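Q: Just so you know, the protein sequences line up as chains A and F, in that order.
Counting in the working numbering, the first sequence runs from 1 upward without gaps.
Counting in the working numbering, the second sequence runs from 1 upward without gaps.
These aren't lab readings, by the way, just hints derived from the structure by calculation.
Treat the numbers as computed from the prediction; the structure is a model and nothing was measured.
One should not assume that every hint holds.
[Unchecked claim] Cβ-to-Cβ under 7 Å is the rule here; a few derived chain A residues that face chain F:
| id | residue |
| --- | --- |
| 1 | Ile433 |
| 2 | Phe435 |
| 3 | Asp478 |
[Said to hold, decoys possible] Output of the computed footprint for chain F on chain A, the stretches with three or more beta carbons under 8 Å from beta carbons of chain F:
| id | region |
| --- | --- |
| 4 | 371-382 |
| 5 | 396-405 |
| 6 | 418-429 |
For each residue, glycine too, the CB sits at the ideal point set by N, CA and C.
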Amino acid sequence: MTLMMLHNLLPLLIVAFGIVLSLLLIAWHRSQKIILIFTLLIFACALLASISLPININESVQVTALLKVDGYGNFAVILVLLASMAVSLLSSKWLTNSLEVHDEYFVLIQLVVLGAGILVMSDHFAALFLGFELLSIALVGLVGYGKNCQFSVESSFKYLILSASASSFMLLGIAFIYSQTGSLSFAPANIDSDYGLFYQAGMLLFLVGIAFKLSLAPFHFWTPDVYQGSPVPITLLLASVSKVAMFIVLMKYWFSQSYIFSEHNGGEKMLLIISLLAITSMLVGNALALKQQNIKRLLAYSSIAHIGYLLIVLLIVSPQSIELAWQGALFYLSAYVLATISIFTALVLTQAKNDSAMMQIKDWQGLFWQHRSLALLIIVAVLSLAGIPLTMGFIGKFYLLNIAVQAQQWWLIGALIIGSGIGLFYYLNIIFIVFHTGQETNSNSKEHILPLPALKFMQKLTVITLIFLGVFWGVLPDTLSELFAVK
Amino acid sequence: MSITFVMCSLLIAGGLAWFAEGVKANSARYVALLLVLIISVYFVFALIMTNSSADYNQLHLLVRVAWINRFNIEYALAIDYLSIVLVSLTLFLSLICILVSWHEIKEKVGFYYFNLLASIAGIIGVFTAVDMFLFFFFWEVMLLPMTALIAIWGHENKHFAAIKFFIFTQVSSLLMLVAIIAMAAVHFKQTGQLSFFYQDWLALDLPLSLAQYLMLGFFIAFAVKLPSVPVHSWLPDAHTQAPTAGSVLLAGVLLKTGAYGLIRFVLQLFPEASLNFAPFAATLGVVSILYGAKMAFAQQDLKRLVAYSSISHMGFVMLALFSFNAIAYQGAILTLVAHGLSSAALFSLAGMIYSRIHSRNLMNMGGFWQNAPRMGGFALVFAAAAFGLPGLANFVAEFLSLVGAYQVYPLLTIFAALGLIGSAIYGMVLFQNSFQGRFQASLPAPEKSLFKDLSTRELLVCSALVSLLVVIGFYPNLVLTFFQTADIALVNHNLAGAVQ
């Protein structure tokens, strides 16, 4: 282990060390404010460390056999850290509602970030499993954290059992793969040899495990319930950090299997399975989101569809497209994370009741005429999710369509168009509700119309920054894509 | 001559109007009217000043700067006579739009004018963009404020209409986006570089098998916008539910973006494929003409009637364009202008009636002539324009379209000509039901006496539209002079492409 390796691993080391320090801090003095500031400080240091890493996007540094730091993974770490900072800030508002001191909560968030960081840098099944379990177990604790909330026990149990079974499927798959290749490294030792059916079965089981975490249809059944039952910031954590980390590790694994471009080992069958997963996720996610009235359930279903769109990047047919696929995936993920953070920020700031599980879309009725900046935030985020120009989401979709056209995946393009068409229906519905002008509904839903308190200066600043970023990168995407473009 | 300046100032004007309304109630409309007037004057003057040096028969590039380097996308605008005519029509109708919404909009007035002007800025972008990504960008950007106009200030069923409008156009335009990306990929294969620049694409050598599919992607998007049967069903709903200015803008200019796309992109980029597809497209055009006329006749709702008549008229454009004939092409261009004016006039009229009796139902109308003879006179002229009375612009336009199309599709053109009879019938139904006969008993009593004749503002709107209809009707060369050479080049280009 050289000094350079340590340097490359610095973001992870900072987070890991921060967790220990946080535990000491809790032992010394319990204060929610201090731990919040400390958590933000750790994330900020890790962020600085990963931004300052002197690696080019297309070169990589192997840190032991377990981890490989490269530019794409590093960008994903930045994304994860930014999302977790948003989660911590939003949590501070949510946690003030109860009497206890919630130091452990922030330690759990740090653990999730550590797990996500290990995942996006892993190059080995052992590291993958380590990150996967760290992420899942910490998340189980967080999902059930709001113990007074209506669905917290249900959702945390659901998440615990399903993610445990998913990881056991994955372990079995890894074992199958190991039994054939004799190596736990992502890249198989011998590319040209034919590993046979057992290897393919292992791949399939491994994919099932990942698909559970990515909530791809038909492995999506836990998603809406867990999204609804978790505290709002944790739903954001599930939707952003967990999804980004799982998807990046899937891409790393997938692209290191050069066999997907060869005839051996049923590469075509795997491509077919991935496209089927993508198509069902796009259609099922969008179709089920149509009738949702609960904001968090709606976002859960729409996230299924979005990961379905994103799977398109795995379906490239030539090694030359790998670079475009990475760029597309990272841009799409950034757009998705930014839009999700925006919506959840709006959700927290407009939340009148303590129990977030009941947040309905109609609670946002006529928001545009009361809180213009908050409403604009929602509109930009929703348009971005729907993929309408002027927003980042459109550029992300443009990347995906480019990749799909180059790979000539016409069925997937068809599904994407149909899915987006269905998606427009519920996305537009949110926007129309935000713009609603009628007076007729005021009487029966009085509690929703409670005038929200005016935003504090910092909140207003955050909201405006989020709006600005969503539009700025949508109009001038080069400023973002340069960060992960090959120089 | 800077189109960018025109678009930016329209956006800023919208913002100023929004801001002004917050400062002082009822000031937004004055701000909007004044600024749009200034912008229009600027446009006309800038055009005249540079006209001597530039030849607008060909696309005249105005600006071309790099935008998104990753995909070699540029911000590129260009104009030729087609763009100039359509942009002028847009600016003229935007003034009409502001005038017809003068008293109609009472809620959120500032935001209304912002949306109106933003939508107009987007439409002007569509007519001038020559980078295909930029074109798509504007194509979508004009939709958003338009949808907001329908969804916020529309009538009773506004959300449904707005969602339907948006989903129809969005899904079809995603097909176009796929075709655009595929074209860029073809360019990449042939030259080693991605390009979305329109004039680069003209130089591409497309195999017919691929061109057919790509052409279809563009064609569907534009056919939805035009609209043509069988993808027209968003139009009656959107028109009926939109506020008056929204309908005027939709019928007057937004439908023209579809025709513009057909002329500029489908016919020019895929000449051979379009020629193969032409019989089918021309048949769709004729079906639209007849179906639109038949449906218009059956409507009770005044705005729905006019909406179906738009489908019928845009069928002539489709038929004429896919005849690949110079005369028909001139007819198509003239139809765009004439229909822009006459449908805007009819929708304004519908808005004026609605503001008086708060109903769009023809059953509630009748006998308006007694109280409002001037309005009746204008209504008669507008209805006559819609069914193509000689002396008004639509007559020349449809006549030229039919004469041109007859040389290529005699049988189809005979059927299309039957549509003219249909339009006379629904035109008379419209006029007789509203202005002749007796006052309807179902109308609340006080509104009978309140049915006033045109106010000065309405008189201004109507007389501006009528004078343009008459001037173009008597002297169509006002528009057609610009297309004497360009169109022949187009047709030759197409035929040359087909012969190869």
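Q: State for each hint whether it applies.
A: Now the hints, each set against the structure:
no.: 1; hint: Ile433; in the structure: 9 Å, violated
no.: 2; hint: Phe435; in the structure: 5 Å, holds
no.: 3; hint: Asp478; in the structure: 5 Å, holds
no.: 4; hint: 371-382; in the structure: violated (count 0)
no.: 5; hint: 396-405; in the structure: holds (count 4)
no.: 6; hint: 418-429; in the structure: holds (count 7)
The structure shown violates the earlier hints numbered 1, 4.
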